[in-house]
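Two chains, each in its own frame: build the complex with the hints.
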Amino acid sequence: QQQVKQSPQSLIVQKGGISIINCAYENTAFDYFPWYQQFPGKGPALLIAIRPDVSEKKEGRFTISFNKSAKQFSLHIMDSQPGDSATYFCAATLNAGGTSYGKLTFGQGTILTVHP
Amino acid sequence: SAVISQKPSRDICQRGTSLTIQCQVDSQVTMMFWYRQQPGQSLTLIATANQGSEATYESGFVIDKFPISRPNLTFSTLTVSNMSPEDSSIYLCSVARAVEAFFGQGTRLTVV
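Protein sequence lines, in the order shown, are assigned to chains E and U.
Take the first sequence: its letter number 81 is residue 731 in our numbering, and every next letter is one higher.
Take the second sequence: its letter number 14 is residue 15 in our numbering, and every next letter is one higher.
Just chain U, with the same shape it has in the complex (with noise of 0.2 Å):
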């Protein structure tokens, strides 16, 4: 199994402001993914980050909208720039163990 760890859990921003997300993992993994959750939608992937390398974007999502960081194995960052209340979501870090996918508990974003 894999324990994730995401600050904060929830927060309420201005628009126009910046927000960075952090996900800490109890053991290392190659690869965190992060996921976005819009209001009773479903999860879409933003991008994968590797350690050691940029991340990779998924369609509709761009690194200076979205910039990543993963410093080490067991951490990354998912920064919301520029916020609009359209941003407003649930923000999920993942990491895949063998065939399996593990979620922290998600950072809940209101963009006011």
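Only chain E is shown next, with the shape it has when bound in the complex (with noise of 0.2 Å):
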């Protein structure tokens, strides 16, 4: 029930080509969907997230597909540079018990490298 699932596990793409990782998820509470970018040794960073009450939300190059009824929600990073090479994770997260959003449940990762 609170399984988020991520694919690709890996992802190689040219510069300036684009990226799309996909996630489902299970539990129809989950009200919030961020995604997360990880460089290593560092902690993941918001990148982007959106709400289910709204298909599809867009920041500079990235952009997140949600499709509520299937229960998936996609990023795609267009224009993808070397840079953007680090591993993403897509989460789902609700409001409960005064948590605030904080109890997230992540997919598995997906590692995204873009070759110059």
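Careful: at least some of the hints might be erroneous.
What the hints assert, rightly or not - Far from chain E by the CB rule (all over 10 Å, computed), these chain U residues:
| # | residue |
| --- | --- |
| 1 | Thr18 |
| 2 | Lys66 |
| 3 | Pro72 |
Claimed, not checked - Listed next, the in silico DSSO-like pairs over lysine-lysine satisfying Cα-Cα at most 30 Å (straight line):
| # | chain 1 | residue 1 | chain 2 | residue 2 |
| --- | --- | --- | --- | --- |
| 4 | E | Lys665 | E | Lys708 |
| 5 | U | Lys66 | E | Lys692 |
| 6 | U | Lys66 | E | Lys655 |
| 7 | E | Lys692 | U | Lys8 |
| 8 | E | Lys707 | E | Lys692 |
| 9 | E | Lys707 | E | Lys655 |
| 10 | E | Lys665 | E | Lys655 |
| 11 | E | Lys707 | E | Lys718 |
| 12 | E | Lys708 | E | Lys721 |
Hints in this document: simulated from the structure, not taken from any laboratory.
Backbone N, C-alpha and C define an ideal beta-carbon position, used for all residues, glycine too.
And the structure:
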């Protein structure tokens, strides 16, 4: 019930290409879906996030597409750059028991490599 | 935003020993969260630490193995007790502000 499934496990893209990472969730109580970017030796950092009442959100080169009926969401990175090479995690959460969206259920992660 | 400092950043420990990880936040927060990231894996929530009460542990994690202290609104510690090589992981402290969760840089623990 609490799982978030993420694919692919790894992704290699050429500079300027589009990177697409997909996630699926089971718990319909989740109401906030962030994506995190993690560089080696660093903690995850919020990249972009979406609520289920919105089908798409765009911030610069990063876009989240959300399909509530399918319980799926995806991250699209346009014009991928070598500096985007990192591990990306999707996550899902809800504000329950005063935890203020701090309890995150993470996907398995995608290692993105962008070749110059 | 939130600035989270963790100590130590890394350590190599002998099996059977314990390590205490410290987490300091730059301003007061009600709840702090501890996550584990096993090598090449995702992040899994260990427990939620609320100041003034016992921590709440997720399924698969117990207080005897991962005791947590929360003495004030800016500080928490996580102890990894009686360590085995399977405890080799990155341990991360996290806080939430509004809808955003912030993470420390993590403590990379290797148990030999």
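Hint check:
no.: 1; hint: Thr18; verdict: holds, 24 Å
no.: 2; hint: Lys66; verdict: holds, 20 Å
no.: 3; hint: Pro72; verdict: holds, 19 Å
no.: 4; hint: E/Lys665 - E/Lys708; verdict: holds, 20 Å
no.: 5; hint: U/Lys66 - E/Lys692; verdict: holds, 25 Å
no.: 6; hint: U/Lys66 - E/Lys655; verdict: holds, 28 Å
no.: 7; hint: E/Lys692 - U/Lys8; verdict: holds, 14 Å
no.: 8; hint: E/Lys707 - E/Lys692; verdict: holds, 26 Å
no.: 9; hint: E/Lys707 - E/Lys655; verdict: holds, 20 Å
no.: 10; hint: E/Lys665 - E/Lys655; verdict: holds, 27 Å
no.: 11; hint: E/Lys707 - E/Lys718; verdict: holds, 14 Å
no.: 12; hint: E/Lys708 - E/Lys721; verdict: holds, 19 Å
In terms of the numbered hints stated before, the structure departs from none.
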